[in-house]
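**Student:** Input sequences plus hints: build the corresponding full structure.
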Amino acid sequence: MQDPIGNLYNWLMGWLVSWGVDQAISNILLSLVGIVILVTIAMVLDVFLVWIERKVVARFQDRLGPNRIGPWGIFQPFADIIKLLIKEDTTPNGADVFVFNLAPILSLASVLLLWAVLPIAEVVFGVDLNVALLYIVAAGAIGTLSVIMAGWSSNNKFALVGAYRMVANMISYEIPMVVILLIPAILTGSMSMLTISQSQEQYWFVLVVPLAALVFLISAIAELGRSPFDLNEGESEIVSGFHIEYSGMKFGLFYAGELLHAFTFGAFISILFFGGYNGPGVTQMPVLGVFYFFIKAMIGYWIIMWVKYTVPRIRIDHMLYFNWKFLVPFSISILVMTAVMHKSLSGYETPVYVGGMLAANLVLGWITIEILRAQARKQRKMDDPNSRVVAELTH
Amino acid sequence: MTALQIIFLLAAAVILISAVMVTATRNMVHAALWLIATLFGVAVIFAVLEAGFLAVVQVVVYIGAIAIMFIFAVMLTRREMLDKGPQMNKRAWLAGILCVVIFASLIYMLSSWVGFNQIPLLVGNADTLTLLGQSLLLPSAYLLPFEVASVLLLAALVGAVYVASNRKQEEK
Amino acid sequence: MIPLSWFLILSAALFSIGLFGVMARKNAVAILLSVELMLNAVNINLVAFWRYGNIVNMAGQVFAIIVFAVAAAEVAVGLALVISVYRRFNTVVADEIDLMKW
Amino acid sequence: MQSWLYILLFMIVAVIIPFAAILIARILGPRKPNPIKQSTYECGMETVGDSWVQFKAQYYVFALIFLVFDVETVFLFPWAISINALPMFAVVEGAVFILILVAGLVFTWRKGMLEWN
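Chains as they are written, first to last, in the numbering used here: chain A, 1 to 395; chain B, 396 to 567; chain C, 568 to 669; chain D, 670 to 786.
Think of the hints as simulated: they come from the structure by calculation, not from any bench.
Here a beta-carbon is modelled for each residue, glycine too, at the ideal position from N, C-alpha and C.
One-sided excerpt, in silico: chain B residues whose CB lies under 7 Å from chain A:
no., residue
1, GLY447
2, VAL451
3, VAL454
4, VAL455
5, ILE458
6, ILE466
Listed next, with one range per pair, are the computed distances between beta-carbon atoms:
no., chain 1, residue 1, chain 2, residue 2, range
7, B, ILE412, D, ILE696, 27 to 35 Å
8, D, ALA726, A, GLN2, 57 to 65 Å
9, A, GLY14, B, THR397, 22 to 30 Å
**Tutor:** Printed below as a string of structure tokens:
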């Protein structure tokens with residue numbers, strides 16, 4: 001029971017080789033089977049995410065949500081899929097047909113690609129890539145590309161404006177995200193997701209770098225283009241943004257990609273900062289990690305939903321200011337602090353190390369809050385009409 | 396034919412065909428998208444060469460940043476992008492002949508070199524990522540080029556921001 | 568196993584195509600795109616020589632990274648210039664920008 | 670090498686699945702195009718002019734800053750993972766690299782290019 005997938009793999013491999021199939025070819029065949037199963041799990045999960053999202057938003061807004069088809073409306077997403085499949089698939093006039101059709105495919109593919117490096121448990125994962133952290137960023141780059149392709153090829157002003165906003169949003173918040181991704185790399189000396197999970201067996205990284213976890217959550221929400229950073233959609237101004245001209249299944253792919261992306265980022269938060277598959281009893285039974293992984297990822301996803309349905313949308317200039325004038329300098333100072341503290345504390349025992357890192361984080365957080373408070377006071381003074389009048393009179 | 400060779404040939408075909416399309420397409424957005432296909436092919440070549448770090452950096456930097464910049468620039472200069480008139484110089488044929496000559500002479504010169512048909516050594520267990528970090532940051536290795544790259548990027552940022560913000564001074 | 572010659576031929580071909588684009592295209596953005604092709608050809612060469620030489624000597628990868636930085640700097644400044652020129656002359660055709668002709 | 674082969678296979682599967690979904694939808698769904706249906710969606714208004722709107726130059730400036738920051742942070746990854754194998758001096762060197770990056774941000778901030786107007 002230690003490694004069921006490895007055993008199954010070895011058994012199938014032996015079986016195939018005894019049938020006279022070449023070693024390399026049977027390896028590729030088995031990998032392919034594994035990939036198809038992994039992607040299928042992701043897609044089935046995606047179908048249920050539609051239901052979960054609708055149920056949760058309904059509860060936030062004091063409604064019931066889907067409740068007609070099946071118990072608690074659980075079969076609602078299947079009805080949605082059938083509807084999407086039999087809808088007409090329109091292409092607007094003047095659209096660039098090839099690019100127009102490629103964009104939703106790339107959009108979903110960029111999200112599915114992330115699942116290749118997710119360590120669901122110590123023995124259940126796609127591949128242990130030694131540059132996995134950068135691979136996440138690379139998959140995100142393909143997502144950005146799909147947005148701009150969709151916006152440009154639709155031949156629609158709203159779509160193009162929505163795509164610009166979305167891309168500005170995504171590329172801006174990519175910087176703090178990449179900077180924060182450096183921090184688990186510093187702590188573990190590796191870019192592999194599996195190594196990062198393994199090295200959190202004793203303590204979760206959120207204890208060592210709580211500020212980094214917070215910044216990662218914020219930039220992940222912005223990367224997803226979810227509220228409060230959903231000004232790319234802005235239903236009231238640019239009627240849903242870059243995918244306005246898409247209908248039927250192509251729209252469904254964008255939607256599915258968005259939901260699965262949100263869940264996957266919940267999973268990343270749990271892997272990078274909350275121990276991933278680690279939990280009580282995992283060392284005896286590694287398969288139990290699957291359970292912990294999905295619980296933690298669901299909690300992460302729930303927090304992202306909670307923010308989405310609570311916080312109102314912000315303006316594009318505020319969004320960019322918040323990123324470039326606060327989040328980027330803040331994340332860079334977290335990075336420098338973590339690097340220096342980690343290097344100078346690395347010889348000490350675990351309690352000293354964790355305590356020192358935590359203290360450094362608290363000090364940095366306190367300094368940041370003080371600076372922000374001073375700034376806000378200055379701003380309020382400037383904005384206050386009375387003091388402005390006084391200033392003009394005395395001038 | 397090993398699997399590796401097949402992957403190489405497919406990637407090379409993608410690179411060369413889309414490179415030709417980059418230079419031949421009239422629509423500039425299409426040219427930028429063809430460039431992305433080329434860059435992706437080059438990333439596959441890096442992976443074939445076991446330089447995994449460079450393969451992902453290729454996708455992050457080139458596709459995620461540089462290609463996006465190109466598409467933005469094309470959007471900003473749209474009037475010329477209506478693709479009227481000839482896209483090539485009058486002496487394009489001369490350039491074509493010159494390039495073929497350069498290609499042929501490069502191959503001719505290289506093929507007379509001893510190491511031309513060299514077979515690679517096995518990578519073994521060398522941790523190339525940590526090695527890369529050490530070579531970038533140890534003063535005995537390539538610390539200076541690394542820091543100079545940073546200064547270069549700073550200079551590029553300052554210069555580009557200065558050029559892009561020139562419009563304000565004109566209006567005054 | 569792939570012999571080194573394959574990579575060198577690919578790189579030479581990509582470089583020649585890029586060179587053709589630089590010399591033949593009129594549009595300034597297209598010229599910059601072609602320069603990117605040439606830089607990529609250089610990178611293929613650097614990485615191939617790293618792989619086929621002594622693997623512990625990281626010079627090839629280091630310089631590939633420097634080339635990435637140079638490419639980014641070139642795009643940043645080049646496109647800023649193209650946009651600035653476009654604002655002033657309303658064209659991006661390299662031949663028509665002839666202020667310095669005389 | 671093995672792991673990159675896996676990623677390549679994964680890419681192929683990840684592209685085929687959405688492609689298959691679109692293909693199935695195209696087979697099952699009706700196809701009755703007409704000019705009104707195909708027209709550009711603009712809340713019922715007729716489209717005025719070219720849809721290729723010239724966009725705000727400010728987007729370009731942010732893309733510029735992003736490009737430089739992206740390249741530099743990506744180069745910090747080799748530094749980050751080898752930090753345990755490096756002397757303290759090299760860690761400080763990495764910090765200097767970051768500070769040069771911050772100087773660029775300070776410049777653009779001072780220049781007022783971060784303002785959205």
